[in-house]
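Heads up: the protein sequence lines correspond to chains S and B, in order.
Heads up: the first sequence begins at 1 in our numbering, then just goes up one per residue.
Heads up: the second sequence begins at 1 in our numbering, then just goes up one per residue.
For the record, the hints were derived by calculation from the structure and aren't laboratory data.
Don't take every hint at face value.
Covered, in the sense of this in silico footprint (three residues per stretch, anywhere, with C-beta under 8 Å from a C-beta of chain S), are these stretches of chain B [said to hold, decoys possible]:
hint : stretch
1    : 24-37
2    : 254-262
3    : 282-289
4    : 393-405
5    : 449-455
Here a beta-carbon is modelled for each residue, glycine too, at the ideal position from N, C-alpha and C.
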Amino acid sequence: MAVKFEQTSDGEYKLDVCGYSCPHPQVYTKKALQKMASGDVLTLVFDNPSSGESIIAMCDNEGNDLYERSNDGGMSIWKIRKA
Amino acid sequence: MSNENEAVAVAAQREGWLAQKGNQYAVSIMALVLLGSLWVLSIDSRYIYLLVYVWFGMIYGMLLQYGRFCMAAAVRDLFAVGVPRMAVGMMIAVALYSIIAATVTVGGFSTFHPHPIGWHVALGGLIFGFGIVFTGGCASGSLYKAGEGNVGSMIVIVAISFSQAIFVAASGWFDRLVPAAWIDSAVAKDMPEELSVTEGWFDIFTAGYVWDMKGSTLAETLGTANPVVASYFVNTLLVTILPTIVILIALYAVYYRKGYLRRAKITAPDMGDHARGMWSMFTSSKNTAIAGVGLGIFAGLQMWVTGALREHYHIFNFGELLSDMGHTSGLSIQDTVFDPGYWYITTQEAQWGAWVMERMGVNMMDNIFFGLDNGIPNPLLNAPGFMSIGIILGAAVLALSRREFKWKLPSMETAMFALIGGTLMGIGARIGMGCNIGAFFATVTNGDPSGWVFLAGMVGGGYLGVKAFNLWIERRSAKQDECEL
Chain S
1 MAVKFEQTSD GEYKLDVCGY SCPHPQVYTK KALQKMASGD VLTLVFDNPS
51 SGESIIAMCD NEGNDLYERS NDGGMSIWKI RKA
Chain B
1 MSNENEAVAV AAQREGWLAQ KGNQYAVSIM ALVLLGSLWV LSIDSRYIYL
51 LVYVWFGMIY GMLLQYGRFC MAAAVRDLFA VGVPRMAVGM MIAVALYSII
101 AATVTVGGFS TFHPHPIGWH VALGGLIFGF GIVFTGGCAS GSLYKAGEGN
151 VGSMIVIVAI SFSQAIFVAA SGWFDRLVPA AWIDSAVAKD MPEELSVTEG
201 WFDIFTAGYV WDMKGSTLAE TLGTANPVVA SYFVNTLLVT ILPTIVILIA
251 LYAVYYRKGY LRRAKITAPD MGDHARGMWS MFTSSKNTAI AGVGLGIFAG
301 LQMWVTGALR EHYHIFNFGE LLSDMGHTSG LSIQDTVFDP GYWYITTQEA
351 QWGAWVMERM GVNMMDNIFF GLDNGIPNPL LNAPGFMSIG IILGAAVLAL
401 SRREFKWKLP SMETAMFALI GGTLMGIGAR IGMGCNIGAF FATVTNGDPS
451 GWVFLAGMVG GGYLGVKAFN LWIERRSAKQ DECEL
């Protein structure tokens, strides 16, 4: 089990932090977004619900657009467009 | 409504609420707790005292899970990702609980005892605060996350339990580290021989240092006689509400203001804009704020209910009731057990660890912590222990019904962090006389300023913890190519 961050296509990235609890998902999300350019999209996969609340607040704070959220059975797949 | 809530609602409508597996499990847990409660009440109605802990624990668990309410996040997320949501939720809970606690105190039902202020409170907070960055949750946060199926959090609970038990009972070469004055002072207390207070670092620390200080609320220190003025004005307004307001303004100024003004497209803000910004910060995470309100109210109610039950049974401590019911094993030499009467987490976990170690043949009662004060009751009769179990079950009920329950096995790294961080939390909690709940939340809300010292230590520890955590992940990503972060 390891953190996976990869570019899936032009302007699209994927970060998989499943199996990690706080603060890994939010810290890695912040680091991933720092690596990306404005307008790029990050697909974030995680399974630690409490990190979600921090990620929502973080996106709000920094103006990034968290435009899609799906959550089922404890697994979340979110999409964030960097401001 | 968010996409995820919509998805759950639509799925629930389609299949029928009870057709969902998660809801079936949730209802089963509730039914089992209810039936179990009725069963023990049918054996002896006095078990109601223990059941109060169970049910308040269930409510706390639901609220903690609902609001993702974890005080570790309050400190850690500020430094790690610049997010103040949990620090704000914590301050809301603190302010509300203090008002209810004052009412309970004026009503004569308070079960609270202030802690002495000393270097140990700040140091304990520092070690505890460092540990929580690595465990992913505070003491109660780890319980609710265990209820979400997080096995790493269960490891944290085990680590907190055993590290505390070993820390308060151990003696050895490190006894020589304590100042001679502490030993002299401990000897002068003339404690029963079986407690061997001059053996064991923690015993000497307790009897020779902590006992020489007196804990008091601000109203007691100032000698305020009128109970209403003492509780509402001195203890609540001065010790809790004013510092809370200062902290909230600081959180707004440092972590929220800039983002808010940008989103609201305000370039020249006036006081009204800042007031609206503060309100936006309070309500930005509604779940956290609602949990803060609920926890504040129920934590106050628990103190009131337990206080009323003590009056009803003419007791000061659950140990007396256990003794009356014929359960004398595991009581301290004063016939007491740990029975705070309010939200508390770590001491009962230390008792679990000590109980297991006793079964393994280790004498765990020859010390002040267990032998004189808290006892080591059978976990089936450990009332605050059931509050902790209640938190796990309550969180599980809500997580199952929200489709957020998932068994999560930790990675090696997470498991190692859980063990090391949990051990530090256990040690910090004992030096600081409690965790973020017992040493901070319960104290500052009852007019005892020692909790702010614990928080200051915890913030310092959290800051250092985040620095160490960042160093760790940088080192890790430099070593492994799979993650170019």
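Starting from the hint list further up, note which numbers the structure goes against and sort them upward. 1, 5
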